[in-house]
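Student: Residue-level listing of the chains:
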Amino acid sequence: MRGRALKPKLGRDDLAHRGFMAVIGLYLIIALALPLYAMLSKAFTTYHFDLSQYEVQVSDEAGTFGPVQSLASLNTPPVFEKLATSTNGRLGLTKLFPDFSFRSPVMYRFRGTSESAVYLIGSERHTGPDWVELTSNSFRRVVIRPVAERGLANFRTYFSTPALFQSVKNSLTIAAIVTAITVSLAFWFAYGLARSKMHLKGVFRMVAMMPILVPSLLPGIALLYLFSARQGMLKALMFGHDINGPIGIVIGSVFFTFPHAMIIISTALSIADARLFEASDSLKASRWRTFWTVTIPGARYGLFSAAFVVFNLVITDFGLPKVIGGNYNMLAVDIYKQVIGQQNFEMGAVVSIVLLLPALLAFAIDRRMQKKQVALLTARSVVYEPKPNRRMDWIFFAYASAVAVFIAGIIATCQFAALIKQWPYNLSLSLKNYDFSRMDGGGWGAYANSLQLAILTAIIGTVVVFLGAYMVEKTRGFEKGRAVFQGLAMLPMAIPGMVLGIAYIFFFNNPANPLHVIYGTMIILVVSTVTHFYTVSHLTAVTALKQMDGEFESVSQSLKQPFYKLFWRVTVPVSLPAILNISIYLFVNAMTTVSAVVFLYSTDTALASVAVLNMNDAGDIAPAAAMGMMIFYTNAGARILHALISKGILKRSNAWRKSG
Amino acid sequence: MLDSAPSVYLRIENLWKTFGDFTALRDITLEVFEGEFLCFLGPSGCGKTTLLRAIAGLDLQSEGRVEQAGKDVSNLPPAARDFGIVFQSYALFPNLTIEKNIAYGLENAGRSRAEVKARVAELLALVGLPEQGRKYPAQLSGGQQQRIALARAIATNPGLLLLDEPLSALDAKVRAFLRHEVKELQRKLGITTVMVTHDQEEALSMADRIVVMNHGTIEQVGTPLEVYRDPASLFVADFIGAMNQIPAQALGKTIKIGDIELRCDNNTLTGSAIATIRPEDVLPVKTARENTVEVHVNALEFLGSFLRAELAHSTMGGTPLMADFSINAARRLGLAQGASLLVQLPADRLKTFPEAG
Chain A
21 MRGRALKPKL GRDDLAHRGF MAVIGLYLII ALALPLYAML SKAFTTYHFD
71 LSQYEVQVSD EAGTFGPVQS LASLNTPPVF EKLATSTNGR LGLTKLFPDF
121 SFRSPVMYRF RGTSESAVYL IGSERHTGPD WVELTSNSFR RVVIRPVAER
171 GLANFRTYFS TPALFQSVKN SLTIAAIVTA ITVSLAFWFA YGLARSKMHL
221 KGVFRMVAMM PILVPSLLPG IALLYLFSAR QGMLKALMFG HDINGPIGIV
271 IGSVFFTFPH AMIIISTALS IADARLFEAS DSLKASRWRT FWTVTIPGAR
321 YGLFSAAFVV FNLVITDFGL PKVIGGNYNM LAVDIYKQVI GQQNFEMGAV
371 VSIVLLLPAL LAFAIDRRMQ KKQVALLTAR SVVYEPKPNR RMDWIFFAYA
421 SAVAVFIAGI IATCQFAALI KQWPYNLSLS LKNYDFSRMD GGGWGAYANS
471 LQLAILTAII GTVVVFLGAY MVEKTRGFEK GRAVFQGLAM LPMAIPGMVL
521 GIAYIFFFNN PANPLHVIYG TMIILVVSTV THFYTVSHLT AVTALKQMDG
571 EFESVSQSLK QPFYKLFWRV TVPVSLPAIL NISIYLFVNA MTTVSAVVFL
621 YSTDTALASV AVLNMNDAGD IAPAAAMGMM IFYTNAGARI LHALISKGIL
671 KRSNAWRKSG
Chain B
128 MLDSAPSVYL RIENLWKTFG DFTALRDITL EVFEGEFLCF LGPSGCGKTT
178 LLRAIAGLDL QSEGRVEQAG KDVSNLPPAA RDFGIVFQSY ALFPNLTIEK
228 NIAYGLENAG RSRAEVKARV AELLALVGLP EQGRKYPAQL SGGQQQRIAL
278 ARAIATNPGL LLLDEPLSAL DAKVRAFLRH EVKELQRKLG ITTVMVTHDQ
328 EEALSMADRI VVMNHGTIEQ VGTPLEVYRD PASLFVADFI GAMNQIPAQA
378 LGKTIKIGDI ELRCDNNTLT GSAIATIRPE DVLPVKTARE NTVEVHVNAL
428 EFLGSFLRAE LAHSTMGGTP LMADFSINAA RRLGLAQGAS LLVQLPADRL
478 KTFPEAG
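Those sequence lines, one after another, are chains A and B. To convert, take the position in the first sequence, counting from 1, and add 20; that gives my numbering. To convert, take the position in the second sequence, counting from 1, and add 127; that gives my numbering.
The set of hints was computed from the structure by calculation and includes no laboratory data. Incorrect hints may have been included.
Stated by the list, open to error - According to the in silico footprint, chain B covers these stretches of chain A (three or more CB under 8 Å from chain B):
id: 1; region: 26–38
id: 2; region: 502–512
id: 3; region: 570–578
id: 4; region: 667–676
Backbone N, C-alpha and C define an ideal beta-carbon position, used for all residues, glycine too.
Isolated chain B (complex conformation):
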């Protein structure tokens, strides 16, 4: 086995899923480690939910292997696998009380009535809703319903927890709160968890590792910091966070944008390329040094905790440059529409990608 430290709990090998002529998943190979929180992140239609449903056995893959806890489960029906699942719609049984919903999977499994009752109480406390057992789902708020759905999914101590866009139906405040709650719970229980989301903030804040997907393939697998700091493709760079994309000519450790040459430590390409840099990595400087460009402020956008400036520059071709400045920095620099300033594009922050297409 190649992996040294953490043990692999779920292994996906050469997975394909086709619907007629359409290929939803293309040769997916992936390992999920014991106890980790993994996120499938991507735009809608990228295949992330299809992959989750294949892992659950709800919609079988066309080809390929799924191995869970060392056992080949590729063609098993859902009931023969070991997982709990939470859906965006909660899927709580409307005519059963909260208690009965949670107890649903605990019954006829050799537990006594008292054991079931105790376990339900424990779970209600765990999700922070100890008093709500006798209510019906429709009497709870969306966030509360989702916590009940979570309690029901983990009631039987499954080895794997699957979350299909669990927070997407909730409003922003509840979502931010539950993000933290769910992550805490997962850490406490140590349960291997796979979550599907299209919300990058959700993925960045909750996941131990993120699987970025696009058009049925995996673009990158890495920790939130890795995929943010070191995107493996232009798609990942563009999809996660904001990113400047500037056409450039690359040669060795230099790139040429318009008339000016910049040092780029990361470059390995030759010829036409796309140079990228995050808006927050564009640094205002007092004096000209390496990789500095003179720009003037075209437009300013107030985004709460910071300002995003659209910077125009005569020497760098036509593409404007986005840069983020804290409110304090903006005041210090006297940032205003029409003002001129010097900015540095640090050589270790510039990255190049092949042109798309």
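With the rest of the complex left out, here is chain A:
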């Protein structure tokens, strides 16, 4: 006979672990799950006026009331043809009464037939079946409020509006084209770095990483400078085509997605087993054959993964098509137009969901690829060392130089644009474009805000992410809670910034929400940015923690030491390189991000990246370029600082870090 199942008694540390995990889990629920839910429910909600819910009685001039009439019956034949409306819709009733005059002595009695029938008299809210008697003069101030209904009506509208639906095709087309171009370019670039003996590899690697340091919209500004029909210095190369539109989006997207693809493919190529190449050589296979039978199969998961990452980046990007898209509509820009331009929040939510689907799909496939790649990585054996081959090395050098000139050229154009007095009339150099106080967009204050956002995001985000990862990795038992937490931590990567931004509007801009107070403050910007970039940081932290001996906690507990002692004295020092990587990642992204924050900044919290967008919108392209370059300098500086600190730490910990 077996006894009852054992109920573990939780120690102080267990309670603390779970407490911390609950707090950070709660953060993720508030900053991610609830806003997304608010957005989803918005997309499925429609509003219309339900006239059948209201009844009216009208008196004659002597004050004797006639029969009770429903508003619906008064609307036949229809006076109001369109009863669909939005959340803020209001409908005045006087049109239903052709003889209405506010001076007439006729009296009105009005009521709703149920508690859900809401109407306003002036600004006073009424509901319910009690008759209200009104003079003509007050009756004209009666408006009825719409009722909400769950359904797919918004989606029907979306897919039956060609102007909106066209964006789906546009976005998919552009994303597919960019994916093909970027992955091919990045593959040969990474191949040259990994498999040739070309010169200046370090320089090429550095130049290829530069796009990460600037907002995705910056190449748009450079392209306008170079190719715009009005003033572009290389406009002849366009042969009459407009850089505004698909061409500009594709070129700019290749620029900003290049480093992402390059890193992934480089990793895939660097794990190839040298013995396979030796085997292929010894079998007298040609270079070409070796390439197709060894190189490509070894790197295929990396190639797929890079393709999905690029696809995802392009389809969710907002800044670039906003700057250089012209009339070519893309999904992410549609969200912005619906919300900011037309105040149609429901339709904004619908577009968000349409955008979410390909993003989620690409994310899911990418996760699978990454896992397979990791499996290859652990089985790796001998590192490949390229042999010199004069001809190939020079071909790769020429190719890498061309790519580097493209990337550095875009940045240099922006720098040039920022320093020119007045393009194209006065080419003398000046710093006047850096005098942001003369433009809209928030000026130097916006830059200061961005810096503050980046620093706060780096500090708060690193603490939250690392603690969360620590708790999820090291908590004893509590499997279900940990699984939920892990799921929440993976979710942000699948959520496009624009979708997160609009979800935040729905959730935090609701006056009934006690967290409404953070709306329009720096706090909501920090929260949204930390959340937006949570997943990659979380994975970095988890990887670092997994590399640590899993029995440290057991030993520490057996010695009766509290978990925070181990955390401070061992876990944090050993993970310091990973912690620094997380903070620089958060810092750089907080400086450059546009998508989520473009919905959330207020006049007090204008940001540099958004200022670039707004100045460009206002036609101040040179100052926009100057602000973009400010972001570049800042990020480059932060990266250098990060490299120096990392080097210092590694040097100091050389004594105990195992070298091999």
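With chain A fixed as given, assemble chain B onto it according to the hints.
Tutor: Frame of chain A, contents of chain B only:
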């Protein structure tokens, strides 16, 4: 209380551990005496580490009771129990010096800095590494690191020392040396110790008693001599040392193997059985007497201090018989491939077990 002489320090009662459908521990009941060195021995996956972790509270059992020093600790977290633990991976904190590693459990326990320092020095001397305090773990050899891990585990004078395959990551020479060292230290300190190992030599040489485990159950508990000499099951007989296993028919005090009948003092079975005898118990004899069989040498294997012969015999069914001969005995008998000789299977050395399955 049934036990008379030594007092029970750790008592495990009806312990179960399940992972989903898989039962890792099945109704384990066990007593560990004060000051003894106990080994959990078994193949990988037999549940020995699971049992150790349940005793430590690192992975709680699904059901059952664990009592330590008279106190029910069944559901307590590790920090509320009283033990020191050493892992196969050493689990030394890489960024702390050896001194700081050892001092880790001594700090914030009401000791002064000087006391901690003195205790660390004492422990370093105890494990024979007095000069290494300022180094980092990565600068020591595996064997040295394991001794530091041991020092750290006993620093706070825990009532129970748990060793989870502590020597498995080391190479053979260091392992043999440390075996002796650890055993000496344990004897000197008199600390109740439970060690998990899959290495029978380690268990036989170090343990006061061995718990042989298989498929989540205890097969036998006994001194090294008992489990070797008098295995309680065919599994134990097979797992520890080498053992001949020959299908036989048993009846009373005789067993029949192939055509010949042998006397077997230990037999209690009737019908089909497995007869066992250790290779070193097969004795070469000059003249036929009780339980002798004529065999010829099929193959000889040189194993250093002795020779293992594979002996074929026409009368005993098809199973060849393994027998160990010292080098001297082999020379005296003129042992060579193809040679014939008489061997005795002593009646008190033959044991029978029910057929498996």
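Student: Work down the list of hints and note, for each, if the structure agrees.
Tutor: Going down the list of hints, with the structure as the test:
1. Taking a C-beta to C-beta cut-off of 8 Å, the region 26–38 of chain A contributes 9 residues in contact with chain B, enough for the three needed, and the coverage statement holds.
2. Coverage of the region 502–512 of chain A by chain B is violated [criterion: at least 3 residues with CB-CB distance below 8 Å; count 0].
3. Note: the region 570–578 of chain A has 7 residues with beta-carbon separation from chain B under 8 Å; the three-residue rule is met and the coverage holds.
4. Given as covered by chain B, the region 667–676 of chain A passes the check, having 3 residues with a CB less than 8 Å from a CB of that chain where 3 are the minimum.
Hint violations for this structure: number 2 only, all remaining hints satisfied.
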